[in-house]
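Engineer: Whenever a hint applies, use it, and build me the whole structure from the sequences.
Heads up, the sequence shown is in numbering that gives the first Met the number 0, so the first residue is 0 and it goes up one at a time.
Mixed in with the good hints there might be a few duds.
In silico lysine-lysine, DSS-like type, Cα no more than 30 Å apart, as pairs [unchecked claim]:
(1) Lys143 to Lys153
(2) Lys251 to Lys48
(3) Lys110 to Lys249
(4) Lys46 to Lys110
(5) Lys233 to Lys153
(6) Lys225 to Lys96
(7) Lys238 to Lys143
(8) Lys150 to Lys170
(9) Lys46 to Lys243
(10) Lys110 to Lys84
(11) Lys92 to Lys249
(12) Lys150 to Lys238
(13) Lys29 to Lys84
(14) Lys46 to Lys96
(15) Lys143 to Lys251
(16) Lys92 to Lys109
(17) Lys233 to Lys150
(18) Lys170 to Lys251
(19) Lys110 to Lys238
(20) Lys19 to Lys48
(21) Lys96 to Lys233
(22) Lys227 to Lys45
(23) Lys153 to Lys19
(24) Lys243 to Lys92
(25) Lys96 to Lys109
(26) Lys153 to Lys110
(27) Lys92 to Lys45
(28) Lys251 to Lys109
(29) Lys153 to Lys170
(30) Lys46 to Lys249
(31) Lys96 to Lys45
Computed Cβ-Cβ distance ranges for the label pairs, DEER-style [unchecked claim]:
(32) Ser115 to Glu216: 20 to 28 Å
(33) Ser76 to Pro236: 47 to 55 Å
(34) Glu163 to Trp21: 20 to 28 Å
(35) Gly75 to Ala244: 46 to 54 Å
These aren't lab readings, by the way, just hints derived from the structure by calculation. These numbers come from a predicted model, not from an experiment. Backbone N, C-alpha and C define an ideal beta-carbon position, used for all residues, glycine too.
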Amino acid sequence: MEKNNLTQYTYEVTHCNPAKPWDVSLQMFKDDRLSVYYAPFEHINKKAKVVLCGITPGATQATESLSIAKSGVVAGSSIPDVQAKAKQAASFKGFRKPLSEMLDVVGLNKKLGIDSCDQLFTTHAGLVHYTSALRYPVVQADGKGYNGTPKAHKHPYLRGMLHEYLAAEIKELGTDCLWIPLGPAVNEALEYLVSEGILRAEQLISGLPHPSGANAERIAYFLGNKAKSDLSIKTNPEKLDSAKASLITKIKAA
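Structural biologist: Next up, the structure:
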């Protein structure tokens, strides 16, 4: 894992088609199960008080990041400035509204002293670090986005990504920064780093439903916008109630 930042990928980024983020010129790794591609997601907001952690950037995020980086480098902007703009603009693009609403429900806005967590993507972006357990986009052999299989900590290259990139972010952000995983695969990766002594268990604030459209019913119930009696059999209200109560308690205590 040597070539892994915008300085080293300047040529590829300036000559790429951002709409095709899985081009071989951006490929960092490939085996019979998955591929890893470069997109500029290495910026770290060192002043952050909370981290929102997804599993890995998807095609939408990769395209946005590459597009902004390509324009910035061609325009002559500094590499650090381009990295910061690409990361912030692309992070959780498409998920921000449900994500900020759920974070407000569990009291993160009050913990951070802001009106609403939607400000974490605008006026108060300095309070948050957006990242992924697997920093660079991981794609399955069938071309679909990585869904947690194989488990990150059990695949040699992905485990290396956890130790080289995610562990470094944890160390740089310090022991008081809260980490909020979005989805079970992310939680599992962070729990692995807890077991490795890299992340403190008290920093891990888990249980938030993933803010994707596929979770629309769970999100609606979590937000109090859908009654328990109206839920489909696929949604477990008791599990969501327990997770919500746990999140509220953890955030208050943190």
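Engineer: Each hint should be assessed against the structure and marked as holding or not.
Structural biologist: Against the structure, the hints:
{"no.": "1", "hint": "Lys143 to Lys153", "in the structure": "20 Å, holds"}
{"no.": "2", "hint": "Lys251 to Lys48", "in the structure": "14 Å, holds"}
{"no.": "3", "hint": "Lys110 to Lys249", "in the structure": "11 Å, holds"}
{"no.": "4", "hint": "Lys46 to Lys110", "in the structure": "16 Å, holds"}
{"no.": "5", "hint": "Lys233 to Lys153", "in the structure": "29 Å, holds"}
{"no.": "6", "hint": "Lys225 to Lys96", "in the structure": "17 Å, holds"}
{"no.": "7", "hint": "Lys238 to Lys143", "in the structure": "28 Å, holds"}
{"no.": "8", "hint": "Lys150 to Lys170", "in the structure": "23 Å, holds"}
{"no.": "9", "hint": "Lys46 to Lys243", "in the structure": "27 Å, holds"}
{"no.": "10", "hint": "Lys110 to Lys84", "in the structure": "26 Å, holds"}
{"no.": "11", "hint": "Lys92 to Lys249", "in the structure": "26 Å, holds"}
{"no.": "12", "hint": "Lys150 to Lys238", "in the structure": "23 Å, holds"}
{"no.": "13", "hint": "Lys29 to Lys84", "in the structure": "28 Å, holds"}
{"no.": "14", "hint": "Lys46 to Lys96", "in the structure": "23 Å, holds"}
{"no.": "15", "hint": "Lys143 to Lys251", "in the structure": "38 Å, violated"}
{"no.": "16", "hint": "Lys92 to Lys109", "in the structure": "24 Å, holds"}
{"no.": "17", "hint": "Lys233 to Lys150", "in the structure": "24 Å, holds"}
{"no.": "18", "hint": "Lys170 to Lys251", "in the structure": "23 Å, holds"}
{"no.": "19", "hint": "Lys110 to Lys238", "in the structure": "24 Å, holds"}
{"no.": "20", "hint": "Lys19 to Lys48", "in the structure": "34 Å, violated"}
{"no.": "21", "hint": "Lys96 to Lys233", "in the structure": "23 Å, holds"}
{"no.": "22", "hint": "Lys227 to Lys45", "in the structure": "41 Å, violated"}
{"no.": "23", "hint": "Lys153 to Lys19", "in the structure": "29 Å, holds"}
{"no.": "24", "hint": "Lys243 to Lys92", "in the structure": "24 Å, holds"}
{"no.": "25", "hint": "Lys96 to Lys109", "in the structure": "17 Å, holds"}
{"no.": "26", "hint": "Lys153 to Lys110", "in the structure": "35 Å, violated"}
{"no.": "27", "hint": "Lys92 to Lys45", "in the structure": "21 Å, holds"}
{"no.": "28", "hint": "Lys251 to Lys109", "in the structure": "9 Å, holds"}
{"no.": "29", "hint": "Lys153 to Lys170", "in the structure": "22 Å, holds"}
{"no.": "30", "hint": "Lys46 to Lys249", "in the structure": "21 Å, holds"}
{"no.": "31", "hint": "Lys96 to Lys45", "in the structure": "24 Å, holds"}
{"no.": "32", "hint": "Ser115 to Glu216: 20 to 28 Å", "in the structure": "23 Å, holds"}
{"no.": "33", "hint": "Ser76 to Pro236: 47 to 55 Å", "in the structure": "48 Å, holds"}
{"no.": "34", "hint": "Glu163 to Trp21: 20 to 28 Å", "in the structure": "22 Å, holds"}
{"no.": "35", "hint": "Gly75 to Ala244: 46 to 54 Å", "in the structure": "51 Å, holds"}
Checked against the numbered hints above, the structure breaks hints 15, 20, 22, 26 and satisfies the rest.
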